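Undergrad: In case you want the letters, here they are:
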Amino acid sequence: MDLYTIIFIFLSVLAIASAIAVITRTNPVYSAIALILNFLAFAGLFLLLNGQFIAILQILVYAGAIMVLFIFVIMLLNLAEEKRLSEKFDYKRLVAVIISVTLFFIISYVFLFKGKPFLQPVQSVYSVNAGKVEAIGKALFELYLIPFEYVSLVLIIGILGAVILAKRKFE
Amino acid sequence: MIPHEYFLVLAALLFTIGVIGVLTRRNAIIVFMSIEIMLNAVNLTFVSFASFLGDSIGYIFVFFVMAVAAAEAAIGLAIIIALFRNKQTVNIDEINILKW
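Which chain is which? The protein sequence lines are A and B, in order. Anchor point for the first sequence: position 99 equals 161 in my numbering, and the numbering is continuous, going up by one each time. Anchor point for the second sequence: position 67 equals 793 in my numbering, and the numbering is continuous, going up by one each time.
Since the hints were made in silico from the structure, they are not lab data. Being a predicted model, the structure only gives us computed values, none of them experimental. Don't take every hint at face value.
Straight-line Cα separation of at most 27 Å, DSS-like style, residue types lysine-lysine; simulated pairs [as the list claims (entries may be wrong)]:
| # | chain 1 | residue 1 | chain 2 | residue 2 |
| --- | --- | --- | --- | --- |
| 1 | A | 154 | B | 813 |
| 2 | B | 813 | B | 825 |
| 3 | A | 231 | B | 813 |
Which stretches of chain B does chain A cover? Using the computed rule of at least three CB atoms under 8 Å from a CB of chain A, they are [what the hints assert, rightly or not]:
| # | segment |
| --- | --- |
| 4 | 734-744 |
| 5 | 819-825 |
Yeah, the Cβ is synthetic: ideal placement off N, Cα and C, and Gly gets one too.
Looking at chain A on its own, in the form it has when it is part of the complex:
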């Protein structure tokens, strides 16, 4: 039981617990704070997998920008607490949960028993250099330059769309 395993167990339990907290809290502010904790757990998991650039990007973009957006909107709309989730035991919710658990078993079956051809390590098992900024920057600006420019276009369209949709219409 080395330090890697201990940290992995801690981060995975944190991620699962905060994700369950997001979907079960009635107050949306509690859900938002639990989601921030979930994003930090994900950043730690990315760091365990040698994705240094992606871990920092996760904290900057998700926990730093998207969650601020969420909390702004929650505060702006001044939402009341949702009525108790288990007021009436809804059979639709039970069917949804059962279907989702079936989906989980299908996905994990594919990963555990059919994934052997795809999980052959090419070089070393945990190669560190693929996740560093140099490797990602080299590939991003040489081989994948056109998708990179398209992503900047997507972001501009997102900004324009958000401003136009949320603008007050002056009659």
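Starting from the structure of chain A, add chain B where the hints point.
TA: This is chain B only, laid out in the frame that chain A set:
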């Protein structure tokens, strides 16, 4: 060290929790948060494969997914704000004008 499959099953579990959140909750903002959980689970799968196979393309795809998720979150929340201005609710059960 952790075997490869543990990360993948963890990502599948978190994806399932996101799916349950999308299907179960009635508050539109909580549905959005569950969608973000699902996107993060997919990111974890990509990063796991990128780490196991030693290829940078996994990290780059996560970069693109994060950028598109940010734009989608911005537009989705703007739609919710516009919706709230007209109907004073974010309960998705009450947004049913197009219902047949």
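Undergrad: Now tell me, hint by hint, if it's right for this structure.
TA: Each hint, compared with the structure:
Pair hint residue 154 of chain A plus residue 813 of chain B holds up; C-alpha atoms about 25 Å apart against a cutoff of 27 Å. Distance check on the hinted pair: residue 813 of chain B and residue 825 of chain B sit about 16 Å apart at the alpha-carbon level, within 27 Å; holds. At most 27 Å may separate the alpha-carbon atoms for a hinted pair to count; residue 231 of chain A and residue 813 of chain B meet this at roughly 15 Å. Counting residues of the segment 734-744 of chain B whose beta carbon lies closer than 8 Å to any beta carbon of chain A gives 10, which meets the minimum of three for the stated coverage.
Coverage of the segment 819-825 of chain B by chain A is violated. Counting CB-CB distances below 8 Å, 0 residues qualify, and the rule asks for three or more.
In terms of the numbered hints stated before, the structure departs from hint 5 and from no other.
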